[in-house]
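Student: Read off the chains here:
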Amino acid sequence: MQVVVCVKQIPDPSGTYTLDPETHFLVRPDEQVLDDTDRYGVEMGLQIAQAHGGSVTLVSMGPKGSMQGIRQALAMGADRAVVVDDADLKGSDALTTAQVLAAAIQRTGFDLVITGTESTDGYSGVVPQMLAELLDVPALTYATEVEARDGKVTINRQTSAGYDVVEASLPAVVSVTAGVVEPRYPTFKGIMDAKKKEVEELTASDLGVDTSLRQRVTAVEPAPEREAGVKIEDDGEAHLKVVELLQQKKVI
Amino acid sequence: MTADISLTPPDPKDFLDTDSLFDEEERLLRDTVRDFVRKEILPNIADWWEQGVFPVELAKTMGDMGLLGMHLEGYGCAGTSGTAYGLACLELEAGDSGIRSFVSVQGSLAMFPIWKFGSEEQKQEWLPRMAAGEVIGCFGLTEPDSGSDPASMRTHARRDGSDWIINGSKMWITNGNLAQVAIIWARTDEGINGFIVPTDTPGFEAHEIKHKASLRASVTSELSLDDVRVPDAYRLPGVSSMRGPLSCLNEARYGIAWGVVGAARACFEAALDYSLERQQFGKPIGSFQLTQRKLVEMMIAVNRGMLVAHHLGRRKDAGTLTPHQISFGKMDNTRNALEVARTARGILGGNGITLEYPVFRHMANLETVYTYEGTNEIHTLIMGQALTGIEAFS
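Respectively, the protein sequence lines represent chains A and B.
Going by my numbering, the first residue of the first sequence is number 22, and it counts up by one from there.
Going by my numbering, the first residue of the second sequence is number -2, and it counts up by one from there.
The reader is advised that the hints may include incorrect statements.
Claimed, not checked - According to the in silico footprint, chain A covers these stretches of chain B (three or more CB under 8 Å from chain A):
1) 27 to 41
2) 62 to 69
Unchecked claim - Which bits of chain A does chain B cover? Going by a derived footprint, with three or more residues having C-beta under 8 Å, they are:
3) 92 to 105
4) 198 to 207
5) 241 to 250
As the list claims (entries may be wrong) - Calculated pairs, DSSO-like style, for lysine-lysine (alpha carbon to alpha carbon, straight line, at most 27 Å):
6) A:K210 <-> B:K120
7) B:K10 <-> B:K291
8) B:K280 <-> B:K291
9) B:K10 <-> B:K207
10) A:K252 <-> A:K85
11) B:K207 <-> A:K210
12) B:K291 <-> A:K210
13) A:K216 <-> B:K36
14) A:K216 <-> A:K85
15) B:K207 <-> B:K57
16) A:K85 <-> A:K173
17) A:K262 <-> A:K252
18) A:K271 <-> A:K252
19) A:K210 <-> B:K113
20) B:K291 <-> A:K216
21) B:K36 <-> B:K57
22) A:K217 <-> A:K85
23) B:K57 <-> B:K10
Treat the hints as calculated values from the structure; they're not laboratory data.
No residue lacks a Cβ here, since even glycine has one placed at the ideal position from N, Cα and C.
Whole structure, please, built from the sequences with the hints as guidance.
Tutor: Right, here's the structure in full:
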C-alpha cells in the first residue's frame, strides 16, 4: 500500500509568531518544526504501511528552510519526502495549496492520502476536502479511528454526538484528528538515517500549478481581550442571582 | 579585516547561542529528548518525586527511542556520538536528575561493561534486551564501608569448580530494586572482577533505601549477596582490575558533566520567568539590581557549563578526552549547578520551596549528584594529582 502523508513545517509554537506588517503573512524562520498535529497522520501512515506492507511518502508545501520539520517526520520512519518550495507560492490560499499538494501526490502515486484536520499556523481546515475533490477520490474526514485493508478504508468520523462509521474504497483521502493514534518519538537510529533519505524538491512550475494569488489578507486584528466575568458575593441570597442570570441568558 | 559585530541582542535563554555549536542531527536528537521530557516527565515529576517512585513504565519508551546505551555500537544500540549522548543527558536532567540517573546507570554502568569487557555470548544475551528497556540493569561497586576508596571493597568471589560463589554487600545502588541484572564487582584471586548476576539468583537480595530527601524519583538500594553462585560464563572476561569499574565511571561522569547543565538551565529559566512576573514595590523583582546580579551569575554559569560540556563532548568523539578532563567537567559543572539552584530558590522566595516549581527538587537532587560518581573532593584530587604528579589520596 502506497501511503502519502501531507505534513507542514511551521514556526515553533513555543516561540512568538510575527506577521509581516505589509503583507500580513506569517514570518517564517529558517528553522521550522513539524506541525504537532501532523505527527498523528505520520504515525497512522506508518502503522498502516507496517501492517500491510508498503511505503510512506511525505508531501509538503512551503519554504523548506533547514528541513528540520521534514527530518523529524522522516526520523519517525517515513521512507521519503517530496517538498514543494516556490517563492511564488508565498501567501497562497487553501485552494492553491490543495492544487499543489494534489499535483505532487498524483505524480508520486498513492493508495491512501492521510492529512491532519487543519494546520496549527493557518487553521483553514479545508485542504483535505479540496484535495480529495482534486484527486477525484472520496474524502473521509475527522477520523478518530482508521482501518485500511482489502482495498477499503473504514473510519470512525467524529461528530458532536459521537461518531459515524464511514467506509470507502481506496484510493481515498483521510483526515485524522489529534489522538487517532499515539505518535511515536523519532528514534535515534531514525534521526541518523533521516539525512540519508531521499527528499525530492519541486517548484510550482514543475507541477504546472497556477500560482497567481486569488485571495488577499486585507487586515489583521488582534483577538479581543476576554471581558471580565460577573462576581457575586454570597450573602446567603447568591443562588437567586445566579438563577436570575441563567434565566436572562435563557439557559434555564 | 574582521566582520562587524552584530547588534542583535542575544536570546536570554541561550545567551551565547550555544545552539550553533551543534549540527542539525544533534539538534534534532536533542529536541526529541526535550519533547519526551516535556510530554512524559514534566507533567508528572513533582508527584513521582513526592511519592518517591521512579516511572519504570517509561523504560520501554526510552528503549524504543534509543536512549538506553545510545552511544554504544551494535547489539540493538543506537550508536550515536558521545556529544549526542551528552545532549540527551542534559535534556533528561533538565527534567530530573533521577531520570537521567536511570539512563546513565543503564547505559554507562550496566550496559557499557558488558559491551566493553563481555564475551560475544554475553553481549548477544543481554545488550539487545537492555537497549530495548526490557531488562533493567544496575551496577554494584560502592559498599557500606567502601565509597571514595573502591579498591578497599570487601565483596569477594571464590571459585567453586566451574562456578563462582559471591559474598558481600553493595550500597547506594541506583535501580537496585528495579533491576533484572546486576553488574557486581568483587575481589578475586585474579584481582577485581565483574560478574553479570541475574537478580533472581538465590542469595541475591535488594533492599530499597527509604527516607531519601534527594533524588526521590529514582530507586536506590542496598544489595546483599549471600553465597550467590554463578557459572564462570557470567564473569566478564575482558578485565581483572579496578580499570574495569573505573572505565564505567568515566562514561557516567562524562554524562553527568552534561546533565547538571540541564538542571541548572531549568532552575535559571524558572528564576528568570519568575523575576519578570513577580511584582514587589510596584514592579517586577527582575527590576532590582540585586536580582539582576543573580540572574546574570546564573546565566553565566549555565552557558559556561555548556561550553565545557560541549568541549568535552568533541574531545570524547575525537578520542582525546582524559579522565582528568572528565573530572574537570563533573566537578565544576556540578558545583556550579548547585549554586545556580540555590540562587534560583532564593529568587522564588516561598514559592521556591514548593514542588510547583522545579528549583527545590533540582537543588535537592544536585546534593546527591555533588557526591555520587566521585565526590567534589575526589575529583579535585584527581586534578590535583594531574597538576603536581603527586597523589594526595593514598
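Student: Going through the numbered hints above, which ones does this structure break? Give me the numbers in ascending order.
Tutor: Hints 5, 9, 10, 11, 12, 16, 20, 23 not satisfied by this model.
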